[in-house]
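Chains as they are written, first to last, in my numbering: chain Y, 1 to 140; chain U, 1 to 182.
Keep in mind that the hints were calculated from the coordinates and are not lab data.
Small disclaimer: the values here were computed from a predicted structure and weren't measured.
Hints are supplied without guarantee of correctness; some may be wrong.
[Unchecked claim] Between beta-carbon pairs, the in silico distance windows are:
1) U/Ser-55 / Y/Phe-32: 36 to 42 angstroms
2) U/Gly-54 / Y/Tyr-115: 24 to 30 angstroms
3) U/Arg-57 / Y/Val-121: 45 to 51 angstroms
4) U/Lys-158 / Y/Val-121: 32 to 38 angstroms
5) Y/Trp-138 / U/Ser-40: 38 to 44 angstroms
6) U/Arg-57 / Y/Leu-114: 28 to 34 angstroms
7) U/Glu-50 / Y/Glu-67: 32 to 38 angstroms
8) U/Ile-8 / Y/Tyr-115: 48 to 54 angstroms
9) Y/Lys-137 / U/Asp-135: 32 to 38 angstroms
10) U/Pro-124 / Y/Lys-137: 43 to 49 angstroms
11) U/Ser-40 / Y/Glu-88: 57 to 63 angstroms
12) U/Pro-124 / Y/Tyr-115: 46 to 52 angstroms
Glycine included, every Cβ here is placed at the ideal spot set by N, Cα and C.
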Amino acid sequence: MNWAEFQNIFSDCRLYGDKIVINSNLLKTVDFIKTNYHFDMLKEIIATDNGDGSFELIYRLFSPDDEEDLLLSINVKDETESVSSVFESAVADEKEIYDLFGIKFIGNTELKRLYMPEGWVGHPLRKDYQENDERLKWNE
Amino acid sequence: MNIIVTSIDYILNWSRANSLWPLTFATSCCGIEMMQTVASNNDIARFGSEVFRGSPRQADLLICAGTITHKMAPALLRLYEQMPEPKYVIAMGACTCGGGMFAQTSYSVIKGIDKIIPVDIYLPMCPPKPESLLDAIRKLQSNIKKESILERKSFTNKHSSPLSESCGLLTDEFNVTKLGVL
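Same shape as in the complex, but just chain U (with noise of 0.2 angstroms):
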């Protein structure tokens, strides 16, 4: 039993490593970084995540580059919503990882996009090089490979956003109450 379920793990886990399609989403500057990694110097294709999707609902991989504001939140609670299992998310920057130069005295800025969806990777600096986003994006391909289909339930469960328990698909009434404002 333990040589099946570890082949299809192996299988698996090496086709999910090795094809993560990153969703479009770059809120600020960090994002030109990441159009960095993609051009041809530095070459996000040799991880084989050079397919970056503009629906979330083909992508596995939420690299948010780029600060969170309040009146971003919510789109972003949507977009990692809408994306199917299994998915994965890099906190790229300062600002996503806690806020950064804006965690003390901004009014408008998210502390963290922890505290709205859950994060595998966190990759700080203001902003990260090419180079730290291919080592995130090598980390989190050693991280999947880890995984096994019998821990399946618990993986799912922590890849649940933790202001999203009950809820399925967000409504404006749901951004309401648990997000505080629209």
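Bound conformation, chain Y alone (with noise of 0.2 angstroms):
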């Protein structure tokens, strides 16, 4: 992957470690990364809680072609865009933080509870998580 010609680009990013860090864009630069560098295919996307609010999604991306992995890292608040439109994969991964962690994926229609109950309150995997719900005293 040519990397001069990536950043002249997308002026807003930089190589730390092996992950490549964008600040905005996500959704521009997961599809341009696809469409020119064949990058086809979503391996999953990991959600860390920062603790001051922010949360960080890493999208690993695997090329068929070349064998490789790609890193993409963003820091995001409560929402950002869904992938779901150029990685259809993406549908499932998002859900899954959704429930876990509370990020609004905008442009993804399936976000509600996969793993927690309906009707849970609170998103559990959050650093600032409190289990303080009335209904659940029964399993004290």
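Quick one: dock chain against chain with the hints and give me the complex.
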């Protein structure tokens, strides 16, 4: 992948270790990487709570031609763009992240509970999550 | 009179204790040990319990093998309520006895299935060996052999779920109000 050419187009991105850190234009960047460099597969989306109200999302893209991984990192607040229009497999990943972290992906139509029961209050993998649901008192 | 009752008790309890049909209910790693118990090395068929049923309506024994989460709890309660009398429960593994290693910090695990359904035999360990499960079944059999048809009512009361005293079959509203979340 030609880094200089890439940086010409997306000027606000930088290389940090082995991952590309971007600040905005997530959908556009992912689309660009997929179209021009044939990273045709989205292996996974990793979400981390930074503890200060922001979340880091890492998209691991895979190129079957070169057999190489590419990490794309972005810091988001509560909501971000969905990449499900580019990679269809992102629908399930984003659903899971919404369930456990509460990040809203604009454009994903299937944002609802996946692992937690319907009607659960809060998103349990957030660092500020407190379990104080009155309905669950019997389980103490 | 007592002679007749005792004879009937003896035959009833003998037949019940030696043909306990378990329900296939394995929610996590204890299920592997349960499979091993059924397999030929340990051979649960020696105690008459080899017929694992897929339907709760044909089962007498619920071997709850594995962690129960909030999402699984309504299903467990529903399966238990669908089993016909007389029904027995073995809580297999530390998770079902009291939450196990999830008891302190987990947000999603039920801390012991005795909060949902009555339990006859507690079998802790993580997971129990097949021999332990066989021992639990033997203990349950010796408990069954002490029953009497004259104490049928207290037995039925003891074996109805603490959450479902007045309700018959579960509904979604029941789950929401009694179990907290569906």
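To see whether the hints hold, each was checked on the structure:
1. Separated by about 55 angstroms at the C-beta atoms, U/Ser-55 and Y/Phe-32 break the suggested range of 36 to 42 angstroms.
2. Between U/Gly-54 and Y/Tyr-115 the CB atoms are about 26 angstroms apart, so this pair conforms to the stated range of 24 to 30 angstroms.
3. Checked against the hint of 45 to 51 angstroms, the C-beta distance between U/Arg-57 and Y/Val-121 comes to roughly 35 angstroms, which is inconsistent with it.
4. At roughly 34 angstroms, the beta-carbon separation of U/Lys-158 and Y/Val-121 lies within the given 32 to 38 angstroms, and the hint holds.
5. Distance hint check for Y/Trp-138 and U/Ser-40: the Cβ-Cβ separation is about 42 angstroms, which falls inside the suggested range of 38 to 44 angstroms.
6. For the pair U/Arg-57 and Y/Leu-114, the beta carbons lie near 31 angstroms from each other, so the given range of 28 to 34 angstroms is met.
7. Taken as a hint, the range 32 to 38 angstroms is violated for the pair U/Glu-50 and Y/Glu-67, whose Cβ atoms sit roughly 50 angstroms apart.
8. Between U/Ile-8 and Y/Tyr-115, the C-beta spacing of about 50 angstroms keeps the proposed range 48 to 54 angstroms intact.
9. Between Y/Lys-137 and U/Asp-135, the C-beta spacing of about 35 angstroms keeps the proposed range 32 to 38 angstroms intact.
10. Distance hint for U/Pro-124 and Y/Lys-137: a CB-CB separation of about 25 angstroms, inconsistent with the stated range 43 to 49 angstroms.
11. Checking the proposed 57 to 63 angstroms range against U/Ser-40 and Y/Glu-88 shows it is violated: the Cβ atoms sit about 46 angstroms from each other.
12. The supplied range of 46 to 52 angstroms is broken by U/Pro-124 and Y/Tyr-115, whose beta-carbon atoms lie about 27 angstroms from each other.
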